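In the order they appear, the protein sequences are chains A and B.
Residue 270 in UniProt numbering is what sits at position 270 of the first sequence, and the numbering runs on without skipping anything.
Residue 295 in UniProt numbering is what sits at position 295 of the second sequence, and the numbering runs on without skipping anything.
Simulated from the structure, these hints should not be mistaken for lab results.
Please note that a few of the clues may not be correct.
Repeated chains share a single entry, so a pair holds when one copy, or any two copies, can fit it.
Once the Cα atoms are required to be at most 20 Å apart in a straight line, the calculated SDA-like pairs of lysine to any residue come out as [said to hold, decoys possible]:
| # | residue 1 | residue 2 |
| --- | --- | --- |
| 1 | K297 | P258 |
| 2 | K109 | Y4 |
| 3 | K142 | L128 |
| 4 | K279 | Y221 |
| 5 | K109 | D93 |
| 6 | K142 | P132 |
| 7 | K146 | E34 |
| 8 | K279 | T164 |
| 9 | K145 | L128 |
| 10 | K142 | R29 |
| 11 | K280 | L128 |
| 12 | K262 | E13 |
| 13 | K31 | S156 |
| 14 | K67 | D16 |
Since we're looking at a predicted model, the values are computed, not measured.
Number of protein chains: 2
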Amino acid sequence: MASYWSRYPLLGEQLDGVRALIERKLHIRNKSIEQAVVALNSAGGKYLRPAFFFLFEAFGDAARLDKEQLVTAAASLEVLHLATLVHDDVIDDSPLRRGQVTVQSRFGKDVAVYTGDLLFTIFFELLLESMPGSPYMNVNAKTMKKILLGELDQMSAYYRQDQTVRAYLRAAAGKTAALFKLASREGAYFGGADPETIRLAGHIGFYIGMAFQMIDDLLDYTEDSEMLNKPVLEDIGQGIYNLPLICALQKNPVAFRPYLDKKQAMTAADVQVVVALMKKESGLEEARQLATRFTQKAVAAIQQLPAHPSKAILLEITERLLKRSC
Amino acid sequence: MASYWSRYPLLGEQLDGVRALIERKLHIRNKSIEQAVVALNSAGGKYLRPAFFFLFEAFGDAARLDKEQLVTAAASLEVLHLATLVHDDVIDDSPLRRGQVTVQSRFGKDVAVYTGDLLFTIFFELLLESMPGSPYMNVNAKTMKKILLGELDQMSAYYRQDQTVRAYLRAAAGKTAALFKLASREGAYFGGADPETIRLAGHIGFYIGMAFQMIDDLLDYTEDSEMLNKPVLEDIGQGIYNLPLICALQKNPVAFRPYLDKKQAMTAADVQVVVALMKKESGLEEARQLATRFTQKAVAAIQQLPAHPSKAILLEITERLLKRSC
Numbered sequence: 001m002a003s004y005w006s007r008y009p010l011l012g013e014q015l016d017g018v019r020a021l022i023e024r025k026l027h028i029r030n031k032s033i034e035q036a037v038v039a040l041n042s043a044g045g046k047y048l049r050p051a052f053f054f055l056f057e058a059f060g061d062a063a064r065l066d067k068e069q070l071v072t073a074a075a076s077l078e079v080l081h082l083a084t085l086v087h088d089d090v091i092d093d094s095p096l097r098r099g100q101v102t103v104q105s106r107f108g109k110d111v112a113v114y115t116g117d118l119l120f121t122i123f124f125e126l127l128l129e130s131m132p133g134s135p136y137m138n139v140n141a142k143t144m145k146k147i148l149l150g151e152l153d154q155m156s157a158y159y160r161q162d163q164t165v166r167a168y169l170r171a172a173a174g175k176t177a178a179l180f181k182l183a184s185r186e187g188a189y190f191g192g193a194d195p196e197t198i199r200l201a202g203h204i205g206f207y208i209g210m211a212f213q214m215i216d217d218l219l220d221y222t223e224d225s226e227m228l229n230k231p232v233l234e235d236i237g238q239g240i241y242n243l244p245l246i247c248a249l250q251k252n253p254v255a256f257r258p259y260l261d262k263k264q265a266m267t268a269a270d271v272q273v274v275v276a277l278m279k280k281e282s283g284l285e286e287a288r289q290l291a292t293r294f295t296q297k298a299v300a301a302i303q304q305l306p307a308h309p310s311k312a313i314l315l316e317i318t319e320r321l322l323k324r325s326c
Numbered sequence: 001m002a003s004y005w006s007r008y009p010l011l012g013e014q015l016d017g018v019r020a021l022i023e024r025k026l027h028i029r030n031k032s033i034e035q036a037v038v039a040l041n042s043a044g045g046k047y048l049r050p051a052f053f054f055l056f057e058a059f060g061d062a063a064r065l066d067k068e069q070l071v072t073a074a075a076s077l078e079v080l081h082l083a084t085l086v087h088d089d090v091i092d093d094s095p096l097r098r099g100q101v102t103v104q105s106r107f108g109k110d111v112a113v114y115t116g117d118l119l120f121t122i123f124f125e126l127l128l129e130s131m132p133g134s135p136y137m138n139v140n141a142k143t144m145k146k147i148l149l150g151e152l153d154q155m156s157a158y159y160r161q162d163q164t165v166r167a168y169l170r171a172a173a174g175k176t177a178a179l180f181k182l183a184s185r186e187g188a189y190f191g192g193a194d195p196e197t198i199r200l201a202g203h204i205g206f207y208i209g210m211a212f213q214m215i216d217d218l219l220d221y222t223e224d225s226e227m228l229n230k231p232v233l234e235d236i237g238q239g240i241y242n243l244p245l246i247c248a249l250q251k252n253p254v255a256f257r258p259y260l261d262k263k264q265a266m267t268a269a270d271v272q273v274v275v276a277l278m279k280k281e282s283g284l285e286e287a288r289q290l291a292t293r294f295t296q297k298a299v300a301a302i303q304q305l306p307a308h309p310s311k312a313i314l315l316e317i318t319e320r321l322l323k324r325s326c
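Please model the complete structure; the sequences and the hints are all you need to start from.
What follows is the structure in structure tokens.
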């Protein structure tokens, strides 16, 4: 994490504060689980959500702020993210996450389910510590619900060859963009920014979150699994079709059918054929175009923000996220 | 549910209100999951936690209360309970719960994980609707944490033949008694009861919750799986040793070792031997004694409550829970 933010020392310092707070919160009597979650927390996560929180928080009146309250609110965002990661790993059966053995492959699915639940309660605690009685408690509850409905949307699309880009966008809006939106809005709000900046922050966070999810999908195809630290491509056999494949499927469903119809029985060779077909039908280009469109929306909205050093940082980060390779 | 509370028409009516509210809250865009959760909600659950809420709420000043707020708070308790049930079923791999196919066996573990998470968010929503800014938000967060730490305690004891009754009590205090305690205290608090009654309510809820968990453990041995609607005894092969077995193990660990050491490889015959040994070492009697001790504590505390019709109902219910066969 430190290296990712090395160009922005103030932000790096704020995020170190967030990480230290989360580590304190993760102290529980079951030491082996504590160890696994602490490892996940400190292993390579970029702390993007707290970072957006602080970048937008900066648009407000810094003098009047309670720093500890801000760190606590920022930490709540990352803990909510960690909770969903732990449960995602249960579902994907992932052996690795951020180069670390996942909670579920180390301790079993059972422990991972409760560990994720425990992280949800720590999220809840951090909210109560940072914003008791605030209307943002409700915004947080609604966001958590959107995330889970997004995950359930994605699941109900498993193996569906007729799924649309529109349905994909709806699921991505929930499972990824909702939390970036919350982080950005909440930062602007607790920073004391004006209502127009808060509104813009929400839009920017949303667009960045959408682009982020699309790039994630593209990286499944363009990078090898070692760089991504997670098994790629096997998603297809598990019925999880991501954006490039959905784009290609919409154009030529008949070509894919003989392979995708095999579902779990797809061989590695079948998957390779599907990937080749996806490329032939310009799935990657279309997905990248869509990601670029959302990035452009984010950039346009960032440019509407009031003059502030955070503005340049936001533009740099947005560009870097679009070009990232992991 | 209706029949369980038929002797207490006012309470039955209040619980019907809770059930209707929960059903409304369960409307989500994924209809098949909605259906599964609605089925779980309406299938045979006794709504014990909301019932205790209302029984203690009655000790306050009924005239000044917002009925809808009370129903919402009572519903939050049941939804938290439902969330933990759905995740428990993932972990136990249970095919049935309350005679209904579980979410996980109908839709897979994946969906069940997110469905449980979604129920946690509905719990959170209900709290925000019923008690925004109240100190009971914190009490709820702490209780949720206790429940999960209790579940994790239980898991870290899997296959441990040296586990103590004390460790069992700690896990039971978290995973079961904490929520009964919350329901009772919260009812008294929002009913506007005096501080001493609120304190007593917490104690009573806790004792009843402990006794309830112990009886649950006893029922695993004394009833057949058809009556219990869940597979029993197989827990032993999965390393989950419940109270009667723990009591017996403490007395004569050597006798059990050759069988329990086989862990997952235990045959049905091995399990039968273990059960016979447990009975020989008076495991059932000791567990029942412990359950009786906690019930007596509950009864003694109930008797300290101010005079009120709820007092007699609490005594009846406590007795009925101890004698229950399912």
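* **Ascending list of hint numbers which this structure does not respect** => 1, 2, 11, 12
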